[in-house]
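J.: Mind docking chain E on chain B? Use the hints.
2 protein chains.
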Amino acid sequence: MRQSRLFTKTIKEAPKDEKSINSQLLIKAGFVDKLMAGVYSFLPLGFRVFKKIENIIREEMENVLGQEVLLPALHPKEIWQRTNRWQYPEMFKLKSRSGKDYSLGWTHEEIITPLIKKFVKSYRDLPVFVFQIQDKFRDELRAKSGLLRAVEFVMKDLYSFHCNEKDLDNYYEKVKKAYSQIFKRCGLEKYTFLTLASGGAFSKYSHESQTITPFGEDEIYFCPKCKIAINKEIIKEEKYQCSNCKSKKLEIKKAIEVGNIFKLGDRFSKAFNFYFKDKDGKEKLIQMGCYGIGLGRLMGAIVEIYHDKNGICWPKEVAPFKFHLIPIENIEKVKKTAEKLYKDLKKVGLEVLYDDRIDKSPGEKFAEADLIGIPYRLVISEKTLKQNCIEIKKRGEKKVKLIKIKKLPDYLWKIS
Amino acid sequence: MRQSRLFTKTIKEAPKDEKSINSQLLIKAGFVDKLMAGVYSFLPLGFRVFKKIENIIREEMENVLGQEVLLPALHPKEIWQRTNRWQYPEMFKLKSRSGKDYSLGWTHEEIITPLIKKFVKSYRDLPVFVFQIQDKFRDELRAKSGLLRAVEFVMKDLYSFHCNEKDLDNYYEKVKKAYSQIFKRCGLEKYTFLTLASGGAFSKYSHESQTITPFGEDEIYFCPKCKIAINKEIIKEEKYQCSNCKSKKLEIKKAIEVGNIFKLGDRFSKAFNFYFKDKDGKEKLIQMGCYGIGLGRLMGAIVEIYHDKNGICWPKEVAPFKFHLIPIENIEKVKKTAEKLYKDLKKVGLEVLYDDRIDKSPGEKFAEADLIGIPYRLVISEKTLKQNCIEIKKRGEKKVKLIKIKKLPDYLWKIS
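Sequence order for the protein chains is B and E. Residues in the first sequence are numbered consecutively from -8, following our numbering. Residues in the second sequence are numbered consecutively from -8, following our numbering.
With the rest of the complex left out, here is chain B (with noise of 0.2 angstroms):
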């Protein structure tokens, strides 16, 4: 993409009342912005991070056979007095013109649970994965820590649906090692972990995927040798020992919760009279499991992680362009040379952002080119022309590297 042609620019100052590293920085780099508290549009480079960690989820979800779906944000109050959840406090809550209530979704339990049951008679339907990437509301009363915590928000939640309880637990195990694909493929693997929370009302435990930073909002107590962690609420109750290998000493570390997965075992089947007929003839309930992860707080996580004093340091998979083609001198030759590369690169198939703007100096495209941090940045001079060549240099690293010109598709091939 040119740059000229992008009509976002790099902010000076973030807002005042952006606390938050990444909202701060997302929204000086061009990726955000902010409406009101915790609501953000996601602008042009914001939009194609969306679109790379979307696509990481489904593809993650449909190895392990996720079927998707769109399901509604607007819901009915009756399916949420069936389970009780009507009163819940975050929900924010609406009437129509003609009266009726109305709910908008936060989590989608009460809509799945219903849809499945009309297509699920027997056990020969089962088991069924259901997952969606869609918008959710949630009535937040602190919304400070910017794509952390946000009122809307657009998340990938998946439903299972069981014989038994066996069969949920298969594949909520292999729904652990998808999340660990998605968060490995994110650049997050070094830094999140299992952890083990509390299974609010549904099971006794739930597992998370916390991502250790200074700026989380969660405290788990983390297991170095075991690369596992409880989380405080419930770290009481576990005597202050790692689960696994009983341990004692753990670390206290902040992190955010990226990723949740649940045992939902027959809590909603049961509200909704949810039964099917096993191989043995009998009616029984069925088994679920939900896992949640949150679209706009992963990449607000990544921020958090990648970045330095002068910006954002993208990760290659979510990173919005790969290479940051740069030429810094307004001279024919170097034009040239440089409109000619962003056409190559893009024949090739490479993901270039092009800053082909005339009016800026060196320094303030190498300023922007940092805030913005696309991990590979080439700039074309006449010095490098003189040796045919382009500079290469990776976004956080100061060492740089000189290219011959017509070696570079097949090099940023192999790198990218």
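Hints listed in this document are in silico derivations from the structure and should not be mistaken for laboratory results. Note that this is a predicted model, so its numbers are computed, not measured. It is possible that part of the hints are untrue.
Where chains are identical, the list cannot tell them apart; a pair therefore holds if satisfied intra-copy or between any two copies.
To be verified - Once the Cα atoms are required to be at most 25 angstroms apart in a straight line, the calculated PhoX-like pairs of lysine-lysine come out as:
no.	residue 1	residue 2
1	Lys356	Lys109
2	Lys25	Lys108
3	Lys127	Lys68
4	Lys327	Lys84
5	Lys25	Lys84
T.: Just chain E now, kept in the frame of chain B:
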């Protein structure tokens, strides 16, 4: 995809409260589910069609240089007061726990105008074209036409920002062409016509894309010679004559509005004090245009046009799958060949729904295939295998053709 894995099943009887053909067929075939009046879930088959339509629209919006963003559904009261639209009767309103007033977006001029204002200062920053594909809400009193008039619906909305009216006019013509292209790719070319309509509060005219069908909610005056129309709402003003050839021989037709485009002029830039510095150094008001297409409505319109007494007949480019592979005897050789063929076709990238269910009779399989409406049905039976063939039939046609199995991948590629 294996049909045995699809969690939806076809339904014999349409729900009694669904009067429209589009929702009756889409529900019976398992494409959508009705949560309440005007609110639908998209199930796996419906979601696939939805994504095909989304991708067509996205490509054509990128062709007119649209930059994609994602704006929030939840809006603060203040921005709607700025434009005096807070009292719009079809807008849902709600309050947060802390007493803030919000609305749910049914359009996004109030969001996009101040957003673009943050980045555009000079004629050099113009024009700007921004679009999104996003969930909208409208408090409909008569949500009785299935997907044609929904309370919650995904819409593509494009907004354009210009230096002057001439530039807006030029872009408006480009979008007209992009819209033709979208409806053509969705199979609606022969039925969809540019229709002069009221410009509302913004300008004298707007243009709608109206798809002629007996079940449309709109009425248009169609000139068969010029292939354009005038909406009933302004026909009096237009003196019952074609706006192009001035012929009085107009046909009155029912139609579905599948798209609309508006010149907004300075209606919104004025409300938000959105000025730019022009070449002559003077501060001028931005000229705006807006351009909408409802994705669910478009899907509904396609079904209204493309169906027969047995079910849906999807146009190729929006069909959930291109081919429906159906082995009709539970004989080892038939099953084995079908399995191999399914894998081979998938391997070469063809989209196949594979009816691998063993508890359905040929009659049941064919009836369901007709209801679902995939363009090509591929039948394998003992009889076809005797000639090393499969039998191919186009949905809606009677003629069948035998094709040698070894030639099948090539043949299908050609027609797909």
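J.: How would you label the pair Lys327, Lys84 (within, between, both, or neither) given a Cα cut-off of 25 angstroms?
T.: Neither: 58 angstroms inside a chain and 54 angstroms across chains, both beyond 25 angstroms.
J.: At most 25 angstroms between C-alpha atoms: does Lys25 with Lys84 qualify within a copy, between copies, both, or neither?
T.: Answer is both: 23 angstroms inside a copy and 20 angstroms across each meet the 25 angstroms cutoff.
J.: Check Lys356 against Lys109 for me: Cα-Cα at most 25 angstroms, and say if that holds within a copy, between copies, both or neither.
T.: between (57 angstroms within a copy, 20 angstroms between copies)
J.: Is the C-alpha distance from Lys127 to Lys68 at most 25 angstroms within one copy, between copies, in both cases, or in neither?
T.: Classified as both; 16 angstroms inside a copy, 20 angstroms across copies.
J.: At most 25 angstroms between C-alpha atoms: does Lys25 with Lys108 qualify within a copy, between copies, both, or neither?
T.: between (40 angstroms within a copy, 14 angstroms between copies)
Checked against the numbered hints given earlier, the structure breaks only hint 4 and satisfies all the rest.
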